[in-house]
Structures are given as structure tokens and as C-alpha cells.
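These protein sequences, in sequence, are chains Y and U.
Going by the numbering used here, the first sequence opens with residue 18, and the numbers climb by one from there.
Going by the numbering used here, the second sequence opens with residue 18, and the numbers climb by one from there.
Any copy will do: because identical chains look the same in the list, a pair fits if it lies in one copy or spans two.
Below, simulated DSSO-like cross-link-like pairs (lysine-lysine); rule was C-alpha separation at most 30 Å, straight line:
{"id": "1", "residue 1": "Lys117", "residue 2": "Lys320"}
{"id": "2", "residue 1": "Lys196", "residue 2": "Lys214"}
{"id": "3", "residue 1": "Lys117", "residue 2": "Lys214"}
{"id": "4", "residue 1": "Lys117", "residue 2": "Lys50"}
{"id": "5", "residue 1": "Lys25", "residue 2": "Lys50"}
Source of the hints: derived by calculation from the structure; they are not laboratory data.
2 protein chains.
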Amino acid sequence: MADPDRIKAVADHVAFTRNHGNDVVVVVSAMGKSTDNLISLANAVSGIQPGREMDMLLTAGERISMSLLCIALAGIGIDAVSFTGSQVGIITDTVHTKAKILEVKGDRVRDALAAGKVVVVAGFQGVSTDSEVTTLGRGGSDTTAVALAAALDADVCEIYTDVTGVFTADPRIVPQARKLARLQFEEMLEMAGVGSKVLALRSVEFARNHNVPIHVRSSFTWEHGTWVANEASEGGATMEDPVISGVVQDASESKVTVIAVPDRPGISAALFENLANANINVDMIVQNTSKDGLTDISFTVPKADMRAAEDIVARVAVEIGAQAVTHDADIAKVSLVGAGMKTSPGIAARMFRVLADNNVNIHMISTSTIRVSVVVSLSDMETAVRALHTAFGLDSGTAYSAPLPERK
Amino acid sequence: MADPDRIKAVADHVAFTRNHGNDVVVVVSAMGKSTDNLISLANAVSGIQPGREMDMLLTAGERISMSLLCIALAGIGIDAVSFTGSQVGIITDTVHTKAKILEVKGDRVRDALAAGKVVVVAGFQGVSTDSEVTTLGRGGSDTTAVALAAALDADVCEIYTDVTGVFTADPRIVPQARKLARLQFEEMLEMAGVGSKVLALRSVEFARNHNVPIHVRSSFTWEHGTWVANEASEGGATMEDPVISGVVQDASESKVTVIAVPDRPGISAALFENLANANINVDMIVQNTSKDGLTDISFTVPKADMRAAEDIVARVAVEIGAQAVTHDADIAKVSLVGAGMKTSPGIAARMFRVLADNNVNIHMISTSTIRVSVVVSLSDMETAVRALHTAFGLDSGTAYSAPLPERK
Numbered sequence: 018m019a020d021p022d023r024i025k026a027v028a029d030h031v032a033f034t035r036n037h038g039n040d041v042v043v044v045v046s047a048m049g050k051s052t053d054n055l056i057s058l059a060n061a062v063s064g065i066q067p068g069r070e071m072d073m074l075l076t077a078g079e080r081i082s083m084s085l086l087c088i089a090l091a092g093i094g095i096d097a098v099s100f101t102g103s104q105v106g107i108i109t110d111t112v113h114t115k116a117k118i119l120e121v122k123g124d125r126v127r128d129a130l131a132a133g134k135v136v137v138v139a140g141f142q143g144v145s146t147d148s149e150v151t152t153l154g155r156g157g158s159d160t161t162a163v164a165l166a167a168a169l170d171a172d173v174c175e176i177y178t179d180v181t182g183v184f185t186a187d188p189r190i191v192p193q194a195r196k197l198a199r200l201q202f203e204e205m206l207e208m209a210g211v212g213s214k215v216l217a218l219r220s221v222e223f224a225r226n227h228n229v230p231i232h233v234r235s236s237f238t239w240e241h242g243t244w245v246a247n248e249a250s251e252g253g254a255t256m257e258d259p260v261i262s263g264v265v266q267d268a269s270e271s272k273v274t275v276i277a278v279p280d281r282p283g284i285s286a287a288l289f290e291n292l293a294n295a296n297i298n299v300d301m302i303v304q305n306t307s308k309d310g311l312t313d314i315s316f317t318v319p320k321a322d323m324r325a326a327e328d329i330v331a332r333v334a335v336e337i338g339a340q341a342v343t344h345d346a347d348i349a350k351v352s353l354v355g356a357g358m359k360t361s362p363g364i365a366a367r368m369f370r371v372l373a374d375n376n377v378n379i380h381m382i383s384t385s386t387i388r389v390s391v392v393v394s395l396s397d398m399e400t401a402v403r404a405l406h407t408a409f410g411l412d413s414g415t416a417y418s419a420p421l422p423e424r425k
Numbered sequence: 018m019a020d021p022d023r024i025k026a027v028a029d030h031v032a033f034t035r036n037h038g039n040d041v042v043v044v045v046s047a048m049g050k051s052t053d054n055l056i057s058l059a060n061a062v063s064g065i066q067p068g069r070e071m072d073m074l075l076t077a078g079e080r081i082s083m084s085l086l087c088i089a090l091a092g093i094g095i096d097a098v099s100f101t102g103s104q105v106g107i108i109t110d111t112v113h114t115k116a117k118i119l120e121v122k123g124d125r126v127r128d129a130l131a132a133g134k135v136v137v138v139a140g141f142q143g144v145s146t147d148s149e150v151t152t153l154g155r156g157g158s159d160t161t162a163v164a165l166a167a168a169l170d171a172d173v174c175e176i177y178t179d180v181t182g183v184f185t186a187d188p189r190i191v192p193q194a195r196k197l198a199r200l201q202f203e204e205m206l207e208m209a210g211v212g213s214k215v216l217a218l219r220s221v222e223f224a225r226n227h228n229v230p231i232h233v234r235s236s237f238t239w240e241h242g243t244w245v246a247n248e249a250s251e252g253g254a255t256m257e258d259p260v261i262s263g264v265v266q267d268a269s270e271s272k273v274t275v276i277a278v279p280d281r282p283g284i285s286a287a288l289f290e291n292l293a294n295a296n297i298n299v300d301m302i303v304q305n306t307s308k309d310g311l312t313d314i315s316f317t318v319p320k321a322d323m324r325a326a327e328d329i330v331a332r333v334a335v336e337i338g339a340q341a342v343t344h345d346a347d348i349a350k351v352s353l354v355g356a357g358m359k360t361s362p363g364i365a366a367r368m369f370r371v372l373a374d375n376n377v378n379i380h381m382i383s384t385s386t387i388r389v390s391v392v393v394s395l396s397d398m399e400t401a402v403r404a405l406h407t408a409f410g411l412d413s414g415t416a417y418s419a420p421l422p423e424r425k
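Extracted from the complex, chain Y is given alone in its bound form (with noise of 0.2 Å):
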């Protein structure tokens, strides 16, 4: 919510959706910039800042929005009423700016239904098991968003973004891609796990395991958006799942590779071990065969952690009897997600096929049961996304394998 004539919107949006006969529960994020700002005038004030008082500081945001959204829907006589995290019984870990939610009580929110009003709930935020106000970190209103509909057996957890709902691949990309009319948890985990930006990881893990139906749409328009559910639960047409669902794309890591390691026992656990202890993301883990003894590992790291990890790695390097460290930051990762894969053989090589037809060479491969991800150099991202979304299918009018319901 941006500013008041957003906050007038989602009102509007709100009231139409009340008026068609729903209990609606809203999860507020905060204002436009306001998180950013208050981050800012806590670097204004000190260089420590204790994550008691920053979540203190920073719940402030959603309190904002939650209040100014009941008012602005009491203007347009829609009887509403907002709820803290801590009000609403979001009970969390005693982790400060990254709380895990262990519990949602919501009983004022299930009174304030029963008694006829429209709720409002402040995202981001609970209370931990020893009273403090926390904040549940990256991703933190979509996760309370979707805990309090599992709490509350809601039909449907609705998620508005800036976008439409989730594509085929990113528009900026791939000006044909398609928004998809329905994805299973699994694909969207997948999808959220190699780069895509729609969903936080985290709030399609709790939905999954909770079996809550996400809806993400855009609050801009009135049009339905990608309905992310079990593949027996409700939302957007039956049909057969198509084989690949989209194409993802990531240019926020590092490649780390360590020359010529000797291929003996407790050797990747060492390095590793190091990396994990400094807290250190490591996404994909590539080693090769060995040959005489010895072998290359390659992995990748998030930009932002590489400097952390070379002082490592060259240190472990030198223990461990490595013959060198190559880093290579001009990287991306590229990765096809569908379910349809389990089922379908011949993915992968069908990619590298595509791949090799369009001179990409590819460093490092990484598969699950229904993704292939590959990291290419970054120059050759943007080719690598296109071909791949053409080849498998997912321009629009085009289909590669069960097509895709019309889109309204």
C-alpha cells in the first residue's frame, strides 16, 4: 500500500469482495517506502541496533497501514477493525527481526467476524512466547497472510503483488511469456527456490504444508491472477498439468570452484561445514567424477555473501590440498519447473540440446524431480531464457505438450 489513494483501492477491493457475501480477513505489508525510511533513521541514530527495538520500530509500518485501511473503509461504510500481530495471537519465536511463527491463535479475529466486521491484520509481525513484539523477516506479511487463512480454514488465500500473477517467464524477458492460470505448491516451491520473486519460499512452504489455496493476483486490476494449490484442490480449470510451467531465471549468485581437490572421504564436508558455519547460502553443489586421484567442485553463493566466502574457501583450499580457486561472479542460473517432468523422460537432454543449438555452453547442472537448472555465463542468460520458453512451448498460442486453458 503506497499511499492514500492505494490505501482508497484495496478499500474498494475489499468492500466489493464483503459485498459478494465473504468474511474477509485483509493482512496489511506497510506503506510504500515507510519500512525503508524507519530502517533509515535507525542508521541515523546508531550503528547497533538491537533487534528487540528494531522490530519495536519497524511494526510501526503495518500498524500504519492497518488503521489507515480501516478508516478508509469506514468512509465508504464498510464496518472494519484492525489487529497487531500480538492482538491477533501470532505467536512466534523469540528471534528478533526473523521470528518463525509457532503458533496462530486468532480468536478476536473469529470474534470480530462473528460479529459481522471486515478484519484487518497488521503483517510481519507477532509476539514470542516470552511477550516481545517480533518480526518474521523476508517475506514476513505473505507468511502471516497465509498461517491466519490456515488458522481460520479460509477458502482461499488471496496475495496481491505488483504483477498479475506468475508467469511462464519473466515479461522482461520473454515479452510472449503467459501468466499460468494454476501451479501446484511443488512447482511454485521450485519456482520460488531457483529466483522467482512473486512468492517469499517461505510463505509457499507454510501454505503446502497447510494445504492453504494461494491466489496471487494484482491489486491493480480486477482480473484472477495464478491459483497455487494441491493438485486435487480447488481454483482455475481441471485439466492435465502441462510439462513445464515456466522458465526462471536468477543473476544474483557467484560461482566458487576449487581445482583439483583429492577425492578422498570428508573433504566436500570440510568445506562446506566452514561455509554453513559463516552462514553462508551455498544453492548448488556440482562435483565432478575424479580423475587420478583428483576432482573439481563448483558451487554457488549469493553475490553478497562472496566476499565472506573466498576468504574461506582459500583458506579450506589450502587444508584440504586444492591446487587452486577460480570465483566467476558473471554467472546465472537458468531452470525449467513442471510437475509434468515426473512423467515425461527427455527434459533435461531436450534442454541442452536447446541450449547447444544456441551456442550457450553450460558450467554446472542441477536437477530435482520436476526442475533442470543449469548456470551459464550472464551474458548468455537472456538467450538461454527465450529459446528455452519457445522450445518448450510456453509462447503464447503455442503449446508443447496438454495445452493451457484460455486466460481471462
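Here the structure of chain Y is known, so what remains is to put chain U in place on it, guided by the hints.
Frame of chain Y; chain U shown alone:
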């Protein structure tokens, strides 16, 4: 607290007090114009503003201040913890936007102090007996501070304002006005009641009822301000009370006169009951001795209430058979306040003589045991204030009666 620099200055001030061996509880108000900005946002989204949601909205302001102050304190090595009104147990009635404090629990404050922490509390807010967030209305932060000081049996409640203390007159009108070293609660109450803006009447009442010494000072300097306390209590030098403590003016009211009212029982009741039912705050009321069975009744009301008052008075005037109603917005109230009046007869007479000597005509007069107020034309206000300030020995380096101690 206006901006990050001011917050850091307040943090330094708190650290200084803390490092001199004091347990410190800080009550904060919202930063600069943040409350006004939140109200503007509410106005932008709706003309209907439920009190509960306005309270939820406005409490975000103090929440931001308190956490930023704790973060600033952390930056200079002071262990601090912030609490909302709810967390502190500021229990109020259920009247949103102008709740009254019923009780202060303060358990978390005591525990935090015992653990050696500085405690920062959000002013202006509480939690109602039905568990809703409330705000205390005008003067709320001062009232929170005094209420907490009373509950914690504090040595003193320091109130930081944008002036360095309470002055013998408004320095913008009387350049030679002097800062008062000390005042009795009674005097401060009278001053606040007749227009002094330094302390909210309500917080002074609370301080008197619970005998909490107040030290009014500026957060911009380290100089001593004005102590407000009982006669016998701590603060300031021991001394004879001066006869007059100060001259206070108030140009925020208008005068209404109902002319030639039949002087019979129930007339005043009819008039003022109707005004009270419309929530109009009537201040001074003067009724002349009747002549030929007719009398004139004059009273003052806030200019903001004038329109509503006119309609009511016009209606009632007809009912009670009054001859006419006149209004005058160009008036001002000028008051002399001083506990010494109790034992110094003739102050009122001398006041009227001074005004006459300066060609200031008096419209209305009202007195209490330690105050004399007159209503004069607005154009005479500054002349009256200056003349009285000089005549009663309040100018720097002069004394009307017992000398005031040197200030430093």
C-alpha cells in the same frame, strides 16, 4: 523529538543522567510533525474516522520515537528497553482519542529498572479496560510521564519542552520576562487554566493529586528550568513566595453577552445547561447586579466553539426573554497569578489601577484566591501584560515584594 539529531541529543541527555547514578524512565512523544502527518493521511483516506482506528494509527508515532531512542542509546553503550503504554500497563477508560488513566501497573518498568536498564515508554497511549489501544488526547505525553512518576515513586518528573522553563510572562510580549525557579502546583494550575501553554493543565492536576514534583526544562540546554511542587517539597532555593508569579494572556476566546435578561431563578441554568449539553467549554462567567429586574450575563468561550454557541444562545435568549445578544471576538484575557495573593490584600485593586493608568478598559473581571483575570480588548492585551509585569516587580532586576533568587 524532531529528527535523528534531536534523538541523539536526547540519548546523550539520558546517558548523562543515567551515568550520574539515577534510574531513568523516559516518556517520549512522537517525532516532530509525525502526528500531524498521520492525521493528514487519515483525512486523505476518509471523512469518517473511527476513534479506535485513529488511536491505533496515532500510537505508531510514539512507537517509532521510543524504539529509535533505544537504538540511539544502544549506540552509546546504554542498555535500554522500550515499552508501549499497553506493555507498561497504563490502564485507561474506554473513551478512544481522549482516554483517562485509571491505573498504572508498571511491573515491566520496575523489572527492567531492577535489571539495570534505562526504560523508554511511549507517551500519550494506554490500553483500555476492554483491551483496546487508547490515546490520552491533548497533553497526553506529559500526563503519562507524571502518572508513571507517581506509580514508580520517582524523585522528580522532568518535562522537556521547547522553552527553558515557566516565565513571569510570555517573552515574546515582555522581553524582560524572567524564568521562575519554582512554582507551587496551585499557581501552575491557575497559569495553565488561564492560558499558559507550558504544561497541560491535566498533567499538573495529576502531579498535584499524587504529589509528583515536576521540573520543566529544555532538552536543548543543560540549565535548570522551573520546579513545580508543593510548598514544602524539594527543588529550588527556599524563599518567601513572591506575591505574583506571573502574568498570563490568552487571546483564544470570544465574549458573548446576553443583555437585559429578566433576573429570576433558573435563567443562568437554562443558558449554561444548553451550552454544556453541546460540549461547549464556557470559561469566565460574569453576571451584573440586576437593575429594574433585568441583568446582563457575559461569558467567554473558545473561538472554535463560537459558531455553535451563537446558535444556542440566540435560541435560549428568546426563550428567557432577553433583550439582545452581542458577540465580541476581539478580546483577550489577562491574568495575574501568585500564591502570595492569599496573604497580600489589594492586588486586584492595584491591578485595576495599573490598567486604568495605561488607558486599558476592563470588560469583565473574575478572581480566585490566587488569581485575578480581566477581559480587555485584544488591541490592549500587550499593553496590559507589559504594564502589569513592570508594576508588579516582575521585570529582571526589580522586585515588587520578596525578592526572587538569582537564576543560573
